[in-house]
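Peer 1: As a plain string of letters, each chain reads:
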Amino acid sequence: MSAVVAEHDHHHDDHDHGPAKGILRWIITTNHKDIGTLYLLFALAMFFVGGSMAMIIRAELFEPGMQFVDPQFFNSMTTMHALVMVFGAVMPAFVGLANWMIPMMIGAPDMALPRMNNMSFWLLVAGVLMLASTLFMEGGAPAGGWTLYPPLVLQTGKAFPFAVFSVHLLGISSIMGAINIIATILNMRAPAMTLMKMPLFVWTWLITGFLLIAIMPVFAGAVTMLLTDKFFHTSFFDAAGGGDPVLYQHIFWFFGHPEVYVMILPTFGVASTIIPVFARKPLFGYSSMVYATASIAFLSFIVWAHHMFTVGMPLAGELYFMYATMLIAIPTGVKVFNWTATMWKGSMTFETPMLFSIAFVVLFTLGGFTGLMMSIAPVDFQYHDTYFIVAHFHYTLVPASIFILMAAGYYWLPKWTGHMYNEKIGQLHFWLSTISVNILFFPQHFLGLAGMPRRIPDYAIQFADWNMISSIGGFIFGASQLLFLYIVIDTIRGGTGEKVTDEVWEDAHKHGLEWTLPSPVPYHTFTTPPTVIPTEHI
Amino acid sequence: MKKTKQLFAGLTLLASSQQGAQADYPLNLMSGITKVSNHIYDLHMLILWICVFIGIAVFGTMFYSIFHHRKSKGHKAAQFHENTTVEIIWTIIPTLILVAMAIPATKAVIELDDVQDSEMSIKVTGRQWYWDYQYLDNGIKFESHLDEASEKAHRLANGNPHSVPHYLLNVDNPLVVPVNKKIRFVFTAADVIHSWWVPDLGWKKDANPGFINEAWTLVPKAGTYRGQCTELCGRDHGFMPIVVVAMEQPDYDAWVKKTLAKQEEPVDLADLSREDLMSKGASVYLKNCVSCHQINGSGITGTYPALTASPKVIGPIDPLIGFIQAGTSRMPAFSKLKDDQLAALLTYIRNAPELGNSVGDEIQPKVITPVYND
Chain A
353 MSAVVAEHDH HHDDHDHGPA KGILRWIITT NHKDIGTLYL LFALAMFFVG
403 GSMAMIIRAE LFEPGMQFVD PQFFNSMTTM HALVMVFGAV MPAFVGLANW
453 MIPMMIGAPD MALPRMNNMS FWLLVAGVLM LASTLFMEGG APAGGWTLYP
503 PLVLQTGKAF PFAVFSVHLL GISSIMGAIN IIATILNMRA PAMTLMKMPL
553 FVWTWLITGF LLIAIMPVFA GAVTMLLTDK FFHTSFFDAA GGGDPVLYQH
603 IFWFFGHPEV YVMILPTFGV ASTIIPVFAR KPLFGYSSMV YATASIAFLS
653 FIVWAHHMFT VGMPLAGELY FMYATMLIAI PTGVKVFNWT ATMWKGSMTF
703 ETPMLFSIAF VVLFTLGGFT GLMMSIAPVD FQYHDTYFIV AHFHYTLVPA
753 SIFILMAAGY YWLPKWTGHM YNEKIGQLHF WLSTISVNIL FFPQHFLGLA
803 GMPRRIPDYA IQFADWNMIS SIGGFIFGAS QLLFLYIVID TIRGGTGEKV
853 TDEVWEDAHK HGLEWTLPSP VPYHTFTTPP TVIPTEHI
Chain B
465 MKKTKQLFAG LTLLASSQQG AQADYPLNLM SGITKVSNHI YDLHMLILWI
515 CVFIGIAVFG TMFYSIFHHR KSKGHKAAQF HENTTVEIIW TIIPTLILVA
565 MAIPATKAVI ELDDVQDSEM SIKVTGRQWY WDYQYLDNGI KFESHLDEAS
615 EKAHRLANGN PHSVPHYLLN VDNPLVVPVN KKIRFVFTAA DVIHSWWVPD
665 LGWKKDANPG FINEAWTLVP KAGTYRGQCT ELCGRDHGFM PIVVVAMEQP
715 DYDAWVKKTL AKQEEPVDLA DLSREDLMSK GASVYLKNCV SCHQINGSGI
765 TGTYPALTAS PKVIGPIDPL IGFIQAGTSR MPAFSKLKDD QLAALLTYIR
815 NAPELGNSVG DEIQPKVITP VYND
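Chains as they are written, first to last, in my numbering: chain A, 353 to 890; chain B, 465 to 838.
Examples of chain B residues toward chain A, derived with CB under 10 Å: (1) D488; (2) E551; (3) A617; (4) R690; (5) H701; (6) F703.
Derived by calculation from the structure, the hints in this document are not laboratory data.
Don't be surprised by glycine CBs; every beta carbon is placed ideally from N, CA and C.
Between the sequences and the hints, there should be enough to build the whole structure, so can you do that?
Peer 2: Here it is in structure tokens:
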């Protein structure tokens, strides 16, 4: 439990290897910090793009009847909202955090493959821009849901091949990012940084990296089969030619289920990094956290058809996927218990990162409970494809992944910029977000149980009141996020003006190598590996 | 102002009880009417209470800690970081709970799956965007579309959903079933995947094109039960509800007799008045054409052609009849329309002011000559 601040033998004012000047710095950069910043800013921009689509959805659902948009456009909005949020906002944000933090957490000078790092970012931009461009094409953007189920998705207009190609680009980008992260973690750790001393964030990303490499080619394969079905007269998913539309669902969810863990495992990692610092205690059960993460990752590959309980599976299939899915509750439960035990008998303070992390533990657990409920196959015959499901996965994504990304922003921004954010506005952002996110999503449980299907632009009168409340929550939540944008800009430009120390948070240097570096962090760090590493987290 | 009041009322109800407000603020799953739906409801409540119990324990511990173990109260941090006993306990207890839940869940899955010994079979075909029912035992078949009142309320700019009874949950021809008979449903689809869900029956089942799925029900009491399509199936996914009317056996028998008789009636080729042609045509249009060509005939630019001032629509009628009966690569064939329906439809699309056309003719059923016939 000892920690020593690492010595640095390079000069902080040495500009020989500083960034290029002007816009070119960002285009050709191979620096992990610059690329991390690019990823994070891009993700933040896409968060607002995807969020605007959600605002359109909630505006149309504010009252029964069709008021603002055409049903087809509504379907495009639900589809694009999901794709943009998943592939444009949440995943890139975590890759951005990985770029910034993994080298600094393991004592490496940069990522293992810096040029590929640059390329994977710009491919992401190309992929997302291509996806967004489908909004302006004849026949509109894809409107068959983010799962792109055939035969419906084959009815997409001119946008179809562009959507498929953008999935390919996003897949290549993700795989390159994953390879880079794995190579960095396995090869570039400081000598003293053994695997079982790595911070949990590094561990969760190592496992997530393998998930990504395993699943992205599967998704690329599935959409390529859609492409050949549409343009080259194959019949993978067309019964008339001997194919099966349900085959697509199996392939998709073999990708799709691990994909949701791609978004949640790094979330767990950040939470496990932040909570001990503000509880002033070591993380409870470090090794069980690592094993639980690995178990969840393994289980994620063998439970996919729980997304398809009503598709018409044999009895044995229903039972197997039900039992396997229920098992996920065990390692997930271990994680929640460990976070609670980490807080227990701590000496807690409640700065914004901690507030978001606590809200994450509570609200993610709510999402976990509904997940457990819908693992029970017969009950899922009622829940499936209703707003109960919408409420479930939004609880596991918005007040979980998104909240933790916010927490990470507040937690590391002072280290990145050397400036302190405005704590008052940060806490205001937290409370507005937490209250409104519940007004937004909690009533959706009731709507789903009462019988409202998902992905409908209009609904029966008995669903009107909860929908209106949900929409109001949505508008407040959406507006509150502008505060975060303000805080990020304000902090970059100087924040409160308070000079932050190297460790920023009290005794943080005992928890992670990044807090042994100066604030703001120099352009190049750990050009020689640190010899002593903090071990408070294990 | 009304909205603010409604919101206020909603929040008040949230805070207090929901007494008397069940209709507007439904909270829980309905127990439904069948044995299966009741078993599912019981399972749902069991799991819900288990989750509530675990939630109270975990969140209770956490919030106790948050209130007491804080630095501002001078609490000094303990430094423990593992406890094997505790970790084993909190792995084993959830495992036991899961096993306990798996037992009734398995029973319910087996019950849902058992379609044997059914007394009658109904084939359900999902289509964009209506349901097609076929009684395999007596040959009754019909289409079930969203009712006209809902159709108009959601399509017209000045439509008022609040004035429509069972808005979006009503159909022109409900599925009629007898009570206390084990009914086997077979599901398929003609175009894309749909899903047939009536919450009161306790389940939904996907209708996959080219494949058959099975499910069963036994409705114990007469009544009307409503549901919706629950698999995204395109633009009008939200507008293809399901209504099941369960009848006592004698009523059902009478319905079968009446429906069969009507089904076998020959098409009435007698001339109709202009008003009758137009109103009948409007109704055919609402069921079959409005999804693509829109209620004002404007179509969707770049996707579906407009009918307003279309040379195909206001031109000679024989090519138009052929066009509608045979379909095109983009438009399905409407050979299912009877001569009287087709005549009314033609009159309507050529003359309806709401579509912006006024050819000024009347097309009578007897002038329809089949260009294409299946």
